[in-house]
Amino acid sequence: AVPGWGAQGQLGEGQQGWFAARNGSGSSLDLESVVQPLALNPWDVVLCISGTIISCENAVVVVVIFYAPAFRAPMFLLIGSLATADLLAGLGLILHFAFVYFIPSEAISLLTVGLLVTSFTASVSSLLTITIDRYLSLYNALTYYSERTVTRTYIMLILTWGASICYGLLPIMGWNCLKEPSACSIVKPLMKNHLIILSVSFFMVFAVMLQLYVQICKIICRHAHQIAVQRHFLASSHYVTTRKGIATLAVILGTFASCWLPFAIYCLLGDYSYPALYTYVTLLPATYNSMINPVIYAFRNQEIQKVLWTVCCGCFSATMPFRSRSPSDV
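For the numbering used here, count along the sequence shown from 1 and bump the result up by 957.
One should not assume that every hint holds.
[As the list claims (entries may be wrong)] Distance windows between CB atoms, simulated:
{"id": "1", "residue 1": "CYS1174", "residue 2": "ILE1122", "range": "30 to 38 Å"}
{"id": "2", "residue 1": "THR1205", "residue 2": "GLU1137", "range": "40 to 48 Å"}
{"id": "3", "residue 1": "LYS1263", "residue 2": "VAL1238", "range": "34 to 42 Å"}
{"id": "4", "residue 1": "CYS1270", "residue 2": "TYR1231", "range": "45 to 53 Å"}
{"id": "5", "residue 1": "VAL1002", "residue 2": "SER1215", "range": "22 to 30 Å"}
{"id": "6", "residue 1": "VAL1002", "residue 2": "CYS1174", "range": "35 to 43 Å"}
{"id": "7", "residue 1": "SER1158", "residue 2": "ARG1257", "range": "26 to 34 Å"}
Hints in this document: simulated from the structure, not taken from any laboratory. Bear in mind the structure is a predicted one, so any value in this text is a computation, not a measurement. By construction, the Cβ of each residue, glycine as well, lies at the ideal position given by its N, Cα and C atoms.
Turn these sequences into a full structure, and let the hints steer you where they fit.
What follows is the structure, given as structure tokens:
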């Protein structure tokens, strides 16, 4: 039985929540705690509200991208993958709240945690694939629009979701701490070793993204300088163009880092006996990343904006023509 936290962010006697904030030494599951009413935890309410907003935002993106045939280009498939992952993450937060307070069950707890691990892992991995796609669109601009790009995109999607599903299945397949509370991480019922692997994987993804964005900045500066020389632009115009491109990349990477780094660091340093408040405080910003992703990667795109406007006007056409854009513009 896996009921949620109490109103003060601490587990009551015999109760065990999704996160491993526990009072006293680890004890076995208390079946009587299933029928005990739980005080509503404000933090769980906030997470559920965040999940609702995340689900609504990303559902719009998923419907737009997968409904319109014009959005079959590799860059839109990657954005669709990101939106799908964030949509599942939002649904996972909602289901976790519902099951904790209305249908507490050990099996359901494992399923919801597995869904959240899969979706958040896929979300972070999709951000990496988008970064790789942007880099290649600039580095190999002449050969980007070829069949190889489509094949590479599908390979990245298969690897992203294959690895994410494997990570999510681990708790369900038995790698959990339900029978060994002392092995729990700050995210119950995930084991400490499992969370360490996820955190290390995140830092590796972040390091690769940082390196790629540095290279993208160099390419942007070089291209802006070449265009300025060829068209005899003023130095100020070259500076403004370069600064705008770098500022955009800084916002993208800065948002990702500020949302996920606190939780990733706490996963490595935290312990299951720490107060649940620390987990909530670091986890909540991580969920905000899934809330911000549609704004950065989808709603800023002019083609998606056109579809949304036409849908609002009631004159949507799935075959409406769009101007081909580079992933670096998305």
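Exercise. For this structure, which hints from the list above don't hold up?
Worked result: none
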